[in-house]
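Q: Take a look at the letters that make up each chain.
Protein chains: 2
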Amino acid sequence: MDEFEIIRRHFLNTTIYRDDVRLGIGDDAAILRVPPGQELVISVDTLIAGVHFPEDLPAAAIGHRALAVNLSDLAAMGARPAWALLALSLPLADDEWLQKFARGFFALAERHQVALIGGNLARGPLNITVTVHGLLPSGQALVRSGAQPGDRIYVTGWLGDAAQGLQQLREHMQITEADNCVQRFCFPEPRIQAGLALRGIASAAIDISDGLVADLGHIVQASGVGAQLQVERLTLSPSLLHYKSREQALNLALAGGDDYELCFTVPEVRLPLLESQAHAFGCPVTHIGEITASKTLRCLKDDSTDWPLPFAGYRHF
Amino acid sequence: MDEFEIIRRHFLNTTIYRDDVRLGIGDDAAILRVPPGQELVISVDTLIAGVHFPEDLPAAAIGHRALAVNLSDLAAMGARPAWALLALSLPLADDEWLQKFARGFFALAERHQVALIGGNLARGPLNITVTVHGLLPSGQALVRSGAQPGDRIYVTGWLGDAAQGLQQLREHMQITEADNCVQRFCFPEPRIQAGLALRGIASAAIDISDGLVADLGHIVQASGVGAQLQVERLTLSPSLLHYKSREQALNLALAGGDDYELCFTVPEVRLPLLESQAHAFGCPVTHIGEITASKTLRCLKDDSTDWPLPFAGYRHF
Numbered sequence: 000m001d002e003f004e005i006i007r008r009h010f011l012n013t014t015i016y017r018d019d020v021r022l023g024i025g026d027d028a029a030i031l032r033v034p035p036g037q038e039l040v041i042s043v044d045t046l047i048a049g050v051h052f053p054e055d056l057p058a059a060a061i062g063h064r065a066l067a068v069n070l071s072d073l074a075a076m077g078a079r080p081a082w083a084l085l086a087l088s089l090p091l092a093d094d095e096w097l098q099k100f101a102r103g104f105f106a107l108a109e110r111h112q113v114a115l116i117g118g119n120l121a122r123g124p125l126n127i128t129v130t131v132h133g134l135l136p137s138g139q140a141l142v143r144s145g146a147q148p149g150d151r152i153y154v155t156g157w158l159g160d161a162a163q164g165l166q167q168l169r170e171h172m173q174i175t176e177a178d179n180c181v182q183r184f185c186f187p188e189p190r191i192q193a194g195l196a197l198r199g200i201a202s203a204a205i206d207i208s209d210g211l212v213a214d215l216g217h218i219v220q221a222s223g224v225g226a227q228l229q230v231e232r233l234t235l236s237p238s239l240l241h242y243k244s245r246e247q248a249l250n251l252a253l254a255g256g257d258d259y260e261l262c263f264t265v266p267e268v269r270l271p272l273l274e275s276q277a278h279a280f281g282c283p284v285t286h287i288g289e290i291t292a293s294k295t296l297r298c299l300k301d302d303s304t305d306w307p308l309p310f311a312g313y314r315h316f
Numbered sequence: 000m001d002e003f004e005i006i007r008r009h010f011l012n013t014t015i016y017r018d019d020v021r022l023g024i025g026d027d028a029a030i031l032r033v034p035p036g037q038e039l040v041i042s043v044d045t046l047i048a049g050v051h052f053p054e055d056l057p058a059a060a061i062g063h064r065a066l067a068v069n070l071s072d073l074a075a076m077g078a079r080p081a082w083a084l085l086a087l088s089l090p091l092a093d094d095e096w097l098q099k100f101a102r103g104f105f106a107l108a109e110r111h112q113v114a115l116i117g118g119n120l121a122r123g124p125l126n127i128t129v130t131v132h133g134l135l136p137s138g139q140a141l142v143r144s145g146a147q148p149g150d151r152i153y154v155t156g157w158l159g160d161a162a163q164g165l166q167q168l169r170e171h172m173q174i175t176e177a178d179n180c181v182q183r184f185c186f187p188e189p190r191i192q193a194g195l196a197l198r199g200i201a202s203a204a205i206d207i208s209d210g211l212v213a214d215l216g217h218i219v220q221a222s223g224v225g226a227q228l229q230v231e232r233l234t235l236s237p238s239l240l241h242y243k244s245r246e247q248a249l250n251l252a253l254a255g256g257d258d259y260e261l262c263f264t265v266p267e268v269r270l271p272l273l274e275s276q277a278h279a280f281g282c283p284v285t286h287i288g289e290i291t292a293s294k295t296l297r298c299l300k301d302d303s304t305d306w307p308l309p310f311a312g313y314r315h316f
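These protein sequences, in sequence, are chains A and B.
One point on numbering: in numbering that gives the first Met the number 0, the residue at position 301 of the first sequence is 300, and numbering is uninterrupted.
One point on numbering: in numbering that gives the first Met the number 0, the residue at position 291 of the second sequence is 290, and numbering is uninterrupted.
Careful: at least some of the hints might be erroneous.
Said to hold, decoys possible - Not everything, but these chain B residues come out facing chain A in the computed CB check (under 7 Å):
(1) G23
(2) I24
(3) D27
(4) A28
(5) V50
(6) A58
(7) R79
(8) R122
(9) G123
(10) N126
(11) E231
Said to hold, decoys possible - Using C-beta positions, here's what the derived DEER-type ranges look like:
(12) A/Y16 <-> B/D55: 24 to 32 Å
(13) B/R8 <-> A/T295: 22 to 30 Å
(14) B/H241 <-> A/Q112: 39 to 47 Å
Rather than coming from a laboratory, the hints here were simulated on the basis of the structure.
Keep in mind that this is a model prediction, so the values were computed, not measured.
Glycine is no exception: its CB is placed at the ideal position from the N, C-alpha and C atoms.
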């Protein structure tokens, strides 16, 4: 089976049609239309076996994650997903693996009406690089640099679950489908709805891929401000607390990556707007701290003493 | 040195500014504007060490090629290059290698005013995946499917050089900078100018990455037509003929990949237009055959007998 047959069999049978795609897969390049008044938002992310996920992660989870981590970047910008390109390098063409991978990828793509408009398939060590494109009304993007002292800091959903799930995968390498933490590592849900709801409300936003402290650190740095986190306010899932003490769980929530929740800031004056949009987020939202003028990032206990910071953020080199 | 420092040191020092880039590298995603009346053309290509190039190819050549093979897809669509994203996975962070790689990449980017708007840097087996974006007036893209019986078939430049260069690299692994064939493998020149000049003239176009026969085969298949190639009309470079007999050289020109010339078709009625644009191509253009109604691709000698076809096109699996 050559690469053209693999593409035909696994990657062309999609049910997503978009009228902004003038020409999809099959020529030297795809041709797209951006509606007037809209801006284009573009991001790329790579997943490498053994680095970003255990080598034997189920193929459906790899397909889902490869798209999810990219859609999460669009969510953090407040963009609506539109198109994706998939560059897939894999050591051998295992038809069953490819089928499951494609199912994982397209199940998520269909939920968000993302058209696969191009790609590359080559033999090589397993590497999945996805480029995504989203659209939003001009000037409405959420960026990292807009946080101001006094803004409140929020996170969506639950943190720490994915790091716990990854640990379980690494330790047993047997996947309990029912285990919520493992599920959250394998099938992270990009917070697209929340990103859309935050347009015109959030002053800054980022998705949490490297851990809350590391990623809030990017907002703080880009905005030239500081932050104070009330660590004990973080919402922890019952499944995480099933495995970890409260303190261990809070440390995973602060430093563990892979949750793909959003962290965002809201100026006081827009709190009523945030309140009015609460139904639109598709998940809980928790107030966890404040932006400060200090240019430092402090993690505090409820009694206002410092919470000792765990190691923060994965480094590749 | 962590990945943020690598990015800062090697990938942010560009002198390319474009006013359609509203936000470049450094947030969750880039924000771009597509001018009214323009369509967007998007393509992605991966280069893998040991598959697409010898492991020890000079880093500058790898950087150049990674962008060039992508720009070549834009050229084949008649698009003007605009933005690129670079997903780079590499086994270790060698500062000298990165510097040379970046120089190769940006030297070409600057010649075509391509802004690097995003990327991904991770540890892993060497894999370079570039996504490129080009712009063109709505409806003016050159596609593979427009060839009609009676159209003439052309190629730009010289074919076979890169395949010869790759063979030299594989055999000696010592690079004679002065050798034209090696240069053409290491630093292929995407035919952007030619692609722009062909808008409104070519009925179909493709870039030659897998070999003339294989890639003309894509035009023939997409257009539902056939083709007749006059093999002995192909223009061969003196450097190729320095190493190979005329017959061997013609076979390399037919089946060897990596030249990144354009193959295109022109209806008879537009030949005067083609003539009038000859100065704008930036390279010679050779008439090598005709599109037929037969749905087969025939390679002919000057005496109209069949030229025996060599193996055509690389297959990954």
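Q: Interface hint check: B/R79, Cβ to nearest Cβ on chain A, cutoff 7 Å. Holds or violated?
A: Interface hint status for B/R79: violated (12 Å vs cutoff 7 Å).
Q: When the nearest CB of chain A is found for B/D27, is that gap smaller than 7 Å?
A: holds (4 Å)
Q: Quick check on B/G23 please, does its C-beta sit within 7 Å of some C-beta on chain A?
A: violated (10 Å)
Q: Does B/A58 pass the interface hint, meaning its C-beta sits closer than 7 Å to a C-beta of chain A?
A: violated (16 Å)
Q: Holds or violated: is the Cβ of B/A28 closer than 7 Å to a Cβ in chain A?
A: Check passed: Cβ of B/A28 comes within 4 Å of chain A, closer than 7 Å.
Q: Holds or violated: 24 to 32 Å for the Cβ distance of A/Y16 and B/D55?
A: Hint violated: Cβ distance 46 Å, outside 24 to 32 Å.
Q: Close enough to count: is the Cβ of B/R122 nearer than 7 Å to one in chain A?
A: Interface hint status for B/R122: holds (4 Å vs cutoff 7 Å).
Q: Double-check B/I24 for me: the hint is only fine if its C-beta lies closer than 7 Å to a C-beta in chain A.
A: Hint violated; B/I24 Cβ to chain A Cβ min 11 Å, cut 7 Å.
Q: Taking 7 Å as the limit, does the beta-carbon of B/E231 come near enough to a beta-carbon in chain A?
A: Violated - the Cβ of B/E231 stays beyond 7 Å from chain A, reaching only about 28 Å at its closest.
Q: Quick check on a hinted range of 22 to 30 Å for B/R8 and A/T295, using CB atoms only.
A: Holds - the Cβ-Cβ distance for B/R8 and A/T295, about 26 Å, lies within 22 to 30 Å.
Q: Holds or violated: B/G123 as interface residue toward chain A, Cβ cutoff 7 Å?
A: With a minimum Cβ separation of about 4 Å from chain A (threshold 7 Å), the hint on B/G123 holds.
Q: Cβ-Cβ distance between B/H241 and A/Q112: within 39 to 47 Å?
A: violated (55 Å)
Of the numbered hints given earlier, the model fails hints 1, 2, 6, 7, 11, 12, 14; all others are met.
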